[in-house]
Amino acid sequence: MKDPNNWFLSELERRGVSRREFMGFCGVMASALALPKSVGAKIAAEIARTEKPVLVWLEFQDCAGNSESFLRAERPSAADVVLDTLSLDYHETIMAAAGKQAEENLQKAVKERAGKYIAVVEGSIPTGENGAYCCIGGRAAIDMAREVCGGAMATIAIGTCAAYGGLPAASPNPTGALSVADAVPGVKNLINLPACPANVENLTALIVYFLTFKKLPPVDSYRRPLFAYGKSIHDNCERRAHYDAGQYVENWGDEGHRTGYCLYKMGCKGPVAYQNCPVVRWNGGTNWPIGCGHPCIGCASPDFWDKMSPFYQHLSGIPGFGVQSNIDTVGVWATVGVGAAFAAHGVISLAKRWKEGQPARHLPEEPGKEVPEKGGRP
Amino acid sequence: MTHVVVDPVTRIEGHLRIEAEVDGGKVSDAWSSATMFRGVELILKGRDPRDAWAFTQRICGVCTTVHAIASIRAVENAVGAAPPPNARLLRNLIIASQCVQDHVIHFYHLHALDWVDIVSALSADPAKTSVLAQSISDWPLSSAKYFAGVQGRVKAFVARGQLGPFANAYWGHPAYKLPAEANLMAVAHYLEALDWQREVIKMHAILGGKNPHLQSFLVGGMATPIDPDRQASLNAGTIAQMRGLIAKARDFVTRVYIPDLLAVASFYKDWAGYGAGVGNYLVYGEYPEKDGASPPLFLPAGVIRKRDLSKVETFDPSKITEQVKHSWYEYGGGDDKALHPSKGETKPRYTGPKPPYERLETAGKYSWLKSPRYDGEPMEVGPLSRMLVAYASGHPRVKELVGAVLGKLSVGPEALFSTLGRVGARGIETQLLAEKMDDWLSELADNMGRRDLRIHDNSKWEPASWPAECTGAGFHEAPRGALGHWVEIRDGRIANYQCIVPSTWNAGPRDAAAKRGPYEEALVGTPVHDPTKPVEILRTVHSFDPCIACGVHVVDTQKRELARVRAL
Chain A
1 MKDPNNWFLS ELERRGVSRR EFMGFCGVMA SALALPKSVG AKIAAEIART EKPVLVWLEF
61 QDCAGNSESF LRAERPSAAD VVLDTLSLDY HETIMAAAGK QAEENLQKAV KERAGKYIAV
121 VEGSIPTGEN GAYCCIGGRA AIDMAREVCG GAMATIAIGT CAAYGGLPAA SPNPTGALSV
181 ADAVPGVKNL INLPACPANV ENLTALIVYF LTFKKLPPVD SYRRPLFAYG KSIHDNCERR
241 AHYDAGQYVE NWGDEGHRTG YCLYKMGCKG PVAYQNCPVV RWNGGTNWPI GCGHPCIGCA
301 SPDFWDKMSP FYQHLSGIPG FGVQSNIDTV GVWATVGVGA AFAAHGVISL AKRWKEGQPA
361 RHLPEEPGKE VPEKGGRP
Chain B
1 MTHVVVDPVT RIEGHLRIEA EVDGGKVSDA WSSATMFRGV ELILKGRDPR DAWAFTQRIC
61 GVCTTVHAIA SIRAVENAVG AAPPPNARLL RNLIIASQCV QDHVIHFYHL HALDWVDIVS
121 ALSADPAKTS VLAQSISDWP LSSAKYFAGV QGRVKAFVAR GQLGPFANAY WGHPAYKLPA
181 EANLMAVAHY LEALDWQREV IKMHAILGGK NPHLQSFLVG GMATPIDPDR QASLNAGTIA
241 QMRGLIAKAR DFVTRVYIPD LLAVASFYKD WAGYGAGVGN YLVYGEYPEK DGASPPLFLP
301 AGVIRKRDLS KVETFDPSKI TEQVKHSWYE YGGGDDKALH PSKGETKPRY TGPKPPYERL
361 ETAGKYSWLK SPRYDGEPME VGPLSRMLVA YASGHPRVKE LVGAVLGKLS VGPEALFSTL
421 GRVGARGIET QLLAEKMDDW LSELADNMGR RDLRIHDNSK WEPASWPAEC TGAGFHEAPR
481 GALGHWVEIR DGRIANYQCI VPSTWNAGPR DAAAKRGPYE EALVGTPVHD PTKPVEILRT
541 VHSFDPCIAC GVHVVDTQKR ELARVRAL
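First to last, the sequence lines map onto chains A and B. Residues in the first sequence are numbered from 1 upward in steps of one, following the working numbering. Residues in the second sequence are numbered from 1 upward in steps of one, following the working numbering.
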């Protein structure tokens, strides 16, 4: 048996990745995870020692947007190495095998690696028509999800559809679409990585976290890792100073829009949306939606299609509009405007917990317990 | 006779199932079935039409711009918004960069493994691979040492015994014809293309904030401000950045993708004789070169029937219908009817087997796709259709590129009507657009220099400025073909919404007259060496670049006539 550590270092060399570059990557991951820089060394050591864990990626009622996001993983050589430390045994959009041979690969992973593989689910899971709204190899999605997630060491629900039902579950939810948590009750070690699609930086960070610390990260009441969803968009927004100064975009293309003023009046949901977009940004840090002049639509929030829309209607009832406000005040008032159910269970409790410095919840025992009820759109 | 089922069809977007009869080593009949349904149009009812682009965009994350574009065009058409020239240019750049990136991903990451045997690459001689690579291109990554490094990487991967996404495929199948060295070169470029696609799509991050699912679309224009003197706007710096990305895109397409395509195709010329399909080609046209209601288009609209390149008919949207005889929907007036999208009437009605199932009941309804028809005929849409219509319409650069490709392969224009023809046409279109993008970027820069900074028609933003009732249509050429959205707006809300999508045209089932859809027709006659390893079926199906999530939809059940429908 080859020494995996030697294998890894020779692989790095073969790919022209110097040890220094690799350590640099691990340092970046450490900061994505909001860890001290010194932890980078630990990450590097752990990745080099780890045998390739098996990943099984299922697509149900999806658009493959999260798979595409996965293909945009940045920091090429080092990120490539990290992805190679996983064995992606099933992923319909990427895998070479098809049909019967593809099904065999899935069965092999599920049977031979029972309890050891990581399941990734993209897309919601329909329950209408006995599951006929989504079949793969003649099997209903819900049947596959129960088997594959049921036997996994951990499940990552990637994207808002898998995490919360997403677009298919938007009112009137024609196919009875459910999130993973709702479709597979009791699923072990479920982590939600919502957003439409999820930012690959957060997927990479989650995997590195897992490989490094041999456990899953602490999550909020929506099972989102705190390292990526612990702060509001508004809190970290580069346009926050304009909000505080009362400088707003009034019309698309106006002076304020061109100058980079706050998009609140154009419908921005940043004050009630929790994700690290302003910090991590997208496509290798190139840009992000607000940086491009468009309001945040709150795509990592449960039921955002119903509760954050209409997307161009501004959040209502913010006191002290145009003067200094803090995020908790804005968050409280804005969510009341957006939806009562959402406010009752979600953002406010999280914001308060954050403010009061209470420890975040770890993996909830009861899946879906705190996921807000499905509601009609306003 | 053997009944072959391929489900899941992998390396596509969405959930596609192919059933085929194989007789005497050939496909004698085939059925294409989409096995996933979401009902996006039902979800749109009652919502703000200005939000519709974001909802429909999520129909597909691979062609992540196309439904947003079709949607804003449909709503603009309905409410009478007139996007300014800069919005047109920004959109053209977004659409073209999507198409270029998507086509390259399709070639290397979705289709190549039907033609390229990765295992064979292990036995290649890196020195000979270098000679081969340098004989077809001056691309700098072509030394023996480089290919030895790639081969070593693949060997190490295999030696670990965890083959991941490459496990249990058809490696060693006699249908693989490339020499080991060509396989190794292709594997190297598979990996390079993976890096390349991630870089060039930063165009979308600049113009749309992120990719996938860009977030800069607006009914009436774009949300990306333009101002040479502001750092929060597109300015000279971002123009230069995009110029660099376009150059990077063009460089790879010209020096890697096209040479690879020609090299691979030269070993598979027999595939110019398979996969012809229905022989009818439909194009809505794309890339408006001017503003207003009926602008000239860089890629023309048109219809070609029965492979007759001597005649291009004018596209007439009123000739589009959809049928449900073999789809899991029902029509009130009977399932033999053909209805125009403006009179779209659909009720999902699943009559297939209860899952889990082994076989579909192909004599009855067997797909979540409907059967779109143009003037009663099945139509192929996509890059081949676009290149044929442009070629037959006398588009100078398309004629030049098509001529060059046919000349290199020493085949005539009839070779275009095939599985290989689709692969070639996709490459030609990629080259064409990679060359063209600079022009639109220059126009944008010129406008910026003249301080024409308009990006949006504010006059029709507020719903109060709209008629109480209005209807509109938006047409677009997505990477996979002709896409149409139809919207009806009442009192500022969506009353009815409908999409007819490229993969519905191509992957749809038989119609009431039992005419096969394009996939089905193209599969007939495809050779199958070993029915348990039907790599040849994948070659033909993949040549269309299936995108099934796009194709499946449901329309509103109300019968409301859409008024005038106009293109773009």
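Everything labelled a hint here was simulated from the structure, so no lab data went into it. These numbers were taken from a predicted model, which means no experiment stands behind them. Among these hints, one or two may not hold up.
Computed list of chain A residues with no C-beta within reach of chain B, every gap over 10 Å [said to hold, decoys possible]:
hint : residue
1    : K52
2    : V54
3    : G65
4    : D84
5    : A97
6    : G138
7    : D182
8    : K214
9    : K231
10   : G284
Below 27 Å or equal to it, Euclidean Cα-Cα: the simulated DSS-like pairs (lysine-lysine) are [claimed, not checked]:
hint : chain 1 : residue 1 : chain 2 : residue 2
11   : A       : K108      : B       : K155
12   : A       : K100      : B       : K177
13   : B       : K26       : A       : K100
14   : B       : K347      : B       : K515
Where a beta carbon is used, it is the ideal one built from N, C-alpha and C, also for glycine.
We went through each hint and held it up to the structure:
The beta carbon of K52 of chain A is not kept farther than 10 Å from every beta carbon of chain B, the shortest such distance being approximately 5 Å. At roughly 8 Å from the closest C-beta of chain B, the C-beta of V54 of chain A falls inside 10 Å, breaking its exclusion from the interface. A beta-carbon of chain B is positioned within 10 Å of the beta-carbon of G65 of chain A; the least distance is around 2 Å. Against chain B, the non-interface label of D84 of chain A is violated: not every CB pair exceeds 10 Å, the least being about 7 Å.
Distance check for A97 of chain A against chain B: the nearest CB is about 5 Å away, which does not clear 10 Å, and the non-interface claim fails. Residue-level check failed: G138 of chain A sits 4 Å from the nearest beta carbon of chain B, not beyond 10 Å. D182 of chain A, annotated as away from the interface, keeps every beta carbon of chain B farther than 10 Å; the closest lies near 17 Å. Every C-beta of chain B lies more than 10 Å from that of K214 of chain A, the closest at about 20 Å, which supports listing it as non-interface.
Chain B leaves K231 of chain A outside its interface by the beta-carbon criterion, the shortest separation being 19 Å against a cut-off of 10 Å. Distance to chain B contradicts G284 of chain A as a non-interface residue, since its nearest Cβ pair spans about 7 Å, not more than 10 Å. At roughly 23 Å between alpha-carbon atoms, K108 of chain A and K155 of chain B fall within 27 Å of each other, so this suggested pair holds. For a cut-off of 27 Å, the pair hint linking K100 of chain A to K177 of chain B stands: about 23 Å separates their Cα positions.
For the hint pairing K26 of chain B with K100 of chain A, the CA-to-CA distance comes to about 19 Å; that is within 27 Å, so the pair holds. Between K347 of chain B and K515 of chain B, the direct Cα distance comes to roughly 23 Å. Compliance with the 27 Å bound is thereby established for this hinted pair.
Going down the numbered hints, you'll see the structure goes against 1, 2, 3, 4, 5, 6 and 10, while the others check out.
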